[in-house]
Structure formats: C-alpha cells, structure tokens
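Chemist: The whole structure should be built from the sequences, with the hints applied where relevant.
Number of protein chains: 2
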Amino acid sequence: MTENTPNQINRRVVVAARPSPAVTEACFRLEEAAVPEPGDGEVLLRNHYLSIDPAMRGWIAEGPNYSPPVPIGDVMRSFAVGEVVRSRNANYREGDFLMGRFGWQDWAVANEDAVDRKVDPAEAPLSANLHLLGMTGLTAYLGLLDVGMPKEGETVVVSTAAGAVGALVGQIAKIKGCRAVGLTGSDEKVADCLESFGYDSAINYKTADDLSVALAEACPDGVDVYYDMTGGPISDAVMDLINVGARIVVVGTMAVPSSPTPMGPRYNRQILVKRAKMQGFLVLDHFDRLDDAARELARWYREGRVTFREDISQGLDTAPSQLFKLLDGRNRGKALVRLISA
Amino acid sequence: MTENTPNQINRRVVVAARPSPAVTEACFRLEEAAVPEPGDGEVLLRNHYLSIDPAMRGWIAEGPNYSPPVPIGDVMRSFAVGEVVRSRNANYREGDFLMGRFGWQDWAVANEDAVDRKVDPAEAPLSANLHLLGMTGLTAYLGLLDVGMPKEGETVVVSTAAGAVGALVGQIAKIKGCRAVGLTGSDEKVADCLESFGYDSAINYKTADDLSVALAEACPDGVDVYYDMTGGPISDAVMDLINVGARIVVVGTMAVPSSPTPMGPRYNRQILVKRAKMQGFLVLDHFDRLDDAARELARWYREGRVTFREDISQGLDTAPSQLFKLLDGRNRGKALVRLISA
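Chains as they are written, first to last, in the numbering used here: chain A, 1 to 342; chain B, 1001 to 1342.
Hints are computed from structural coordinates only; laboratory data are not their basis. In this text, a Cβ means the ideal position worked out from N, Cα and C, and glycines have one as well. Please note that a few of the clues may not be correct.
Claimed, not checked - Computed spacing ranges between beta-carbons, pair by pair:
| id | chain 1 | residue 1 | chain 2 | residue 2 | range |
| --- | --- | --- | --- | --- | --- |
| 1 | B | Arg1289 | A | Gly39 | 56 to 62 Å |
| 2 | A | Gly95 | B | Asp1221 | 46 to 52 Å |
| 3 | A | Pro71 | B | Pro1069 | 56 to 62 Å |
| 4 | A | Arg332 | B | Pro1260 | 35 to 41 Å |
| 5 | B | Glu1094 | A | Gly153 | 44 to 50 Å |
| 6 | B | Leu1194 | A | Pro71 | 42 to 48 Å |
| 7 | B | Leu1194 | A | Pro69 | 37 to 43 Å |
| 8 | B | Asn1111 | A | Asp146 | 38 to 44 Å |
| 9 | A | Asp317 | B | Gly1063 | 55 to 61 Å |
| 10 | A | Pro71 | B | Glu1217 | 31 to 37 Å |
| 11 | B | Glu1195 | A | Thr24 | 55 to 61 Å |
| 12 | A | Asp210 | B | Asp1209 | 40 to 46 Å |
| 13 | A | Gly95 | B | Arg1289 | 54 to 60 Å |
| 14 | B | Gly1063 | A | Lys206 | 28 to 34 Å |
As the list claims (entries may be wrong) - Listed below are the simulated SDA-like cross-link pairs for lysine to any residue, each with C-alpha atoms no more than 25 Å apart in a straight line:
| id | chain 1 | residue 1 | chain 2 | residue 2 |
| --- | --- | --- | --- | --- |
| 15 | B | Lys1277 | A | Leu142 |
| 16 | B | Lys1277 | A | Asp240 |
| 17 | B | Lys1118 | B | Leu1316 |
| 18 | B | Lys1277 | A | Pro262 |
| 19 | B | Lys1151 | A | Asp288 |
| 20 | B | Lys1277 | A | Ala255 |
Modeler: Right under this line is the structure:
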C-alpha cells in the first residue's frame, strides 16, 4: 500500500494568471509542497481521479460568475475522487472513497464542507462518480427533469449533445419517452450521438448548410424542451422552432463570451407568443439532491439504460492540457485525469 | 328604454387593411348593417363600453401571434360590456350584463364561447369590468402573482407602469409588501405612478440622463421581479440589476417590433449566473381563473386598496382614434369607448 502512504511531497497545480481571454499554459503552474496534515474534523485524501469541467474557465476568470474566482496562487478548484488515508472526522474512515472539491493535487486535506458524497465503489467504476454520479449527472438529471420537465412524446433538443452532460441528457430524454435531437460540432460526435447516446437525430452545426432547415427537418413536431449549453446562433435557430409552452434550460453559455456582451436577436416575442419559459440552472444550487439523483442514475447504469464515454489522461501534470482540449472541443467523452496508475 | 330596442341599423367598425407597419385610419372602416338576430343558444347584446387594448395591434397584423389576425372585412375584435336585450340561451336573461368579445359595434350577437363573465353591476362600475375585473386585472394579477411570485420585501420593477395593467401591477405589488418601481414615458405619468398608483419610485425612461444609473438608485437591493411589457433597451437596463432567482414576466413587447427581429444584448449569461426565469404570460390561457381574480380585485377595490384611471371617449366612431392614442402612449388611464350616453 505504498500508494496510500504520504511521501514528503504534494504536487499541485495552482492558478498563475487570469485568462486573457483564452485559457493557456500561462494560467497554471505546477508546484511542490509538503503533504498537509489533517486538522480536527478533517481528512487526508489521496486523489485518484480529477474532473475537468467547462465551468473551470469561469472559475479562473474575473467578472460576473456564480462563484468567486480561484485566487492567484491557490490550488486549482476541481472535483475529485479520493481515498481517505488519515481521518480526524468521525464520519469517514481510512479506506473510504469520497467525491468532493479536492483540487488539482495528489494529496488533499478536506473538511466536511468540501465533501459532496461518500462513494460506493460497488455502484459503478470510481471515475463515474465524477460524471454519471457526480455534477455531470446531477446537471443533466435535474436540469432536464426539474426545469425542462419533458413529457412523453415531446421533442428535446440538446446543445451540445456529445459532451459529458449532453450525452446523458439525450439518454434521459429517451428514458422519458421523448424524441432526442442533438447538436454537436463534428461528424465523429454526430456518430457518437446516434450510435452511443441514443439520439434520434444529430446535426453537425459547424457543417450544416442551413442549420435552421436541418433543425426543422430533425424536429417535425417543433421543440418542446431545449437544453442549452451554448447560446448564440445555434440557440437562435432553435428558438425559431419552439412550441407553445416550451421550456429552455440555460445551463451554459459556451457560445456567449462574457465580455463584451454579444448582440443577438431579441427573443421576447417568441417567449411571449409561445408562452415559453427560459430559466437558468446552476447545479451548485442543488447539491442536496445529489444522493437521490445518483441512486437513480446508478440504477439506470446497472440496467444498461445509460452509458458514458471517458477521455482520461494520466498524471497530474496533464490536467491543464486536458482542460485546453475540453475548451477546444477536442475531447471525446468526459474529461478526467487519473493520478493513480491503473 | 328606447336604448334597448334594436333599430334597423347596427353600426360597426371593420378591419379594412393590415398595419404597414403603423396602425392608421386606413386600417379601419365604419359600416352599417342590419341588427342581427340571435340564433339558438345566442343572445343579442347592446354594447355599453368597448375596451381599447395594446394587443389590438397584434390582432390586426399578419405574422406570428397568439391568435389569428382578424380577417379583412370582419368586425374589429374587442372586449366589451353589453346588456342582454334578447336571449335564446338559458344561462342569460334580458337585463343581464355580460363581459366578452363582442367587437367594435353597437349591437352584437354572441354565443356562450364569446362570453367571458357575467357582470355584477353592484361589484364595481360597469366600465371596470373591462379593466380591473377583466383582462387587465387578470393580466396584472396572474402575471405578477403566478409567474412573478413576489415575496414580501422584494423589489418589483414594472415597464410600463402607468398604463392600465402597470398601474394595477404596482398596487398589487404594494399589497404584497414589495417595493414597487415604475418605468414610464412622461413626467405626467411619473406623477400618476407616485401619487395615484402607490409606486415607491418612478422613472421617466424618455428623459432619464442614464437609465441604468436611475434604475440602480431606485432599486438599491436589486430587482427580484420584472413585469415587462416593453422589452428593448429599457429591459436591458433592468436585466443588469436582477438578483439571484429573479423572475422576468414577459407580458408585452411594445418596444420590440415584430419584423425584422431587432438585435439586442444576449441575456444568456445573466439568466444563467442569476438562475433567473424569463417566462411569457398570455392572459388568453387563463380565462378560467377570471372569476377568482375578479372577486379578489373587486374586494380590494371596495376596501380602497386599488384605484384606477379611465380615459373614455364617446361614440363608436371614436374607437380607432382611441386606439391610435393608446399606441402612441397619449392615453392617461385605461382606454375605453362609451356607446351609451352617460
């Protein structure tokens, strides 16, 4: 068990600079520090997997966001799955696996607040706790079901559809008896949507001759639910097809730079005429529902009704490049970093 | 009771042309026809008051809207209060007053479907059934309470605030213990908001040096509910001030021409970061709740907790000019036409 014995060195990736505006190598720095000692109520964890998420661009940027930016010099904020190596908290024992905000580092000291969920390794692979049974799963599950409220026979459009969240949204839409239509940025991802994620139809929005026409063909009965992680011109095409009572779940704004605010067609008339609801969904507000969501998602996984794809790199030093790849849309599946050799 | 005896002539205003894009004299024509006979299940009504509403611009225009346009040559669609003169419907007797869609005409034949509510003349003045106890009241009441869901101590912004709906929204917001902030287009209307409609603060958006600054001063705790009948640049200023969990009720789009779709800043990031909800509200969907709403509004009226202002012209032939005045924002109070001499 040498893996679980702290050596003297904790390698960690800290935030070195703000994006300007691109997220580049200059934003991060690899450091070494002593392995920390857990204080009263804390645990020492050995991180096994790190999660790489689109929200990280926001976490290191200044400007309006839903959580304060990671201070320069601090360890990069990140969800991770770690094994408890030493515990000074009565709720956790050595050998327990936890999912929480443990940062881009080999070793982490965490208090109760940083722990999101105790992981059951029998439920699914450890890494799945960073997507299917973690924030990804909760984002897809609650965003679609609570805000989108899909009903059997309705049409659900997802943008983008082949990412970790989008892949799951499509599969949950199918479980709920909906027609699932995916928008994504490459032919390879279109194939993933159709072959792996259960979408009825998928469109490459980068190469479609006329996105509006392609969407209208894919949605002969209009759009009832739009799970929107992009905004921008893709969303403009979807908004023209919404049905009366449509629900637009605003989960991300990848295609809407934070500054300067880009211009686009005003949606007021569609929203009024169609009595549509456009609502922001932020998973951070709903951590208290993670256990319930994870239980149902794990059941669907064991029943073979949801599948996932992972894009894993090996070693802490690969975390920044995994993030660049994700932000460029070059990943295929949920981006993760493995810290413990498989 | 000569008033209630049909003569041979029914004067009516029909739609003569579509707006191009302004609504002008050319859109309407005064005609004469025989007073119609009620068929089985129908009543013959003598209209007393006609309602003049902003939605009428949409009712006579082509293009996406929530109800089909009034066909060229048909009587202009309009809410009205009329007295039953002859009844072939067991639910209504001669002398009953009804509110419904009876059109811009002296006499109307109506079936059950065209009747929205049986009027109790003791509850409030007859004309109030076309605003406080009619669509105006229902629009203000349900739009604010069901979609806006104001809580005590929250800030409610209304645009525009001095019209028939806006005046009522401000007063209901105050009844619910909110801070009410009104946006309106003249100093005279600002005075109405502050002196008659209970607003805590009111801003003339046409003359404000910097609307964003004026709004921020009027809303020191941000904006929790935005009752939006305009859209456009006014709304852009409000959107910059919304709080987490804000509700934006899209009730009208006076400042957003239907074609071509105007451009504006994209709201996606505010909606996401603030987990805001932007939802279209169309009163036509909620006629079944009119009785309940009217009952509570009538009670507030009798208790002196809500007041209203009327802008009444005399005679059927004044209906088009009342509409032009309303669309130009030159009315002061709910626009009505009286057909029976007072």
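Chemist: Next, verify each hint and record whether it holds.
Modeler: For each hint, the structure was consulted:
1. Arg1289/B with Gly39/A: 56 to 62 Å: This hint holds: roughly 58 Å between Cβ atoms.
2. Gly95/A with Asp1221/B: 46 to 52 Å: holds, 49 Å
3. Pro71/A with Pro1069/B: 56 to 62 Å: holds, 59 Å
4. Arg332/A with Pro1260/B: 35 to 41 Å: holds, 40 Å
5. Glu1094/B with Gly153/A: 44 to 50 Å: holds, 49 Å
6. Leu1194/B with Pro71/A: 42 to 48 Å: holds, 46 Å
7. Leu1194/B with Pro69/A: 37 to 43 Å: Given about 42 Å between the Cβ atoms, the range holds.
8. Asn1111/B with Asp146/A: 38 to 44 Å: holds, 42 Å
9. Asp317/A with Gly1063/B: 55 to 61 Å: This hint holds: roughly 58 Å between Cβ atoms.
10. Pro71/A with Glu1217/B: 31 to 37 Å: Roughly 33 Å apart at Cβ, these two residues keep to the hinted range, so it holds.
11. Glu1195/B with Thr24/A: 55 to 61 Å: Once the Cβ atoms are compared, 59 Å apart, the range 55 to 61 Å for Thr24/A and Glu1195/B holds.
12. Asp210/A with Asp1209/B: 40 to 46 Å: Cβ of Asp210/A to Cβ of Asp1209/B: about 45 Å, so the range 40 to 46 Å holds.
13. Gly95/A with Arg1289/B: 54 to 60 Å: holds, 59 Å
14. Gly1063/B with Lys206/A: 28 to 34 Å: Since the Cβ atoms of Gly1063/B and Lys206/A sit about 31 Å apart, the hinted range of 28 to 34 Å holds.
15. Lys1277/B with Leu142/A: holds, 16 Å
16. Lys1277/B with Asp240/A: holds, 19 Å
17. Lys1118/B with Leu1316/B: Within the cut-off at roughly 23 Å; holds.
18. Lys1277/B with Pro262/A: holds, 20 Å
19. Lys1151/B with Asp288/A: Status holds; Cα separation ~24 Å.
20. Lys1277/B with Ala255/A: Distance of about 20 Å is within 25 Å: holds.
Violation of the numbered hints given earlier is absent; every hint is satisfied by the structure.
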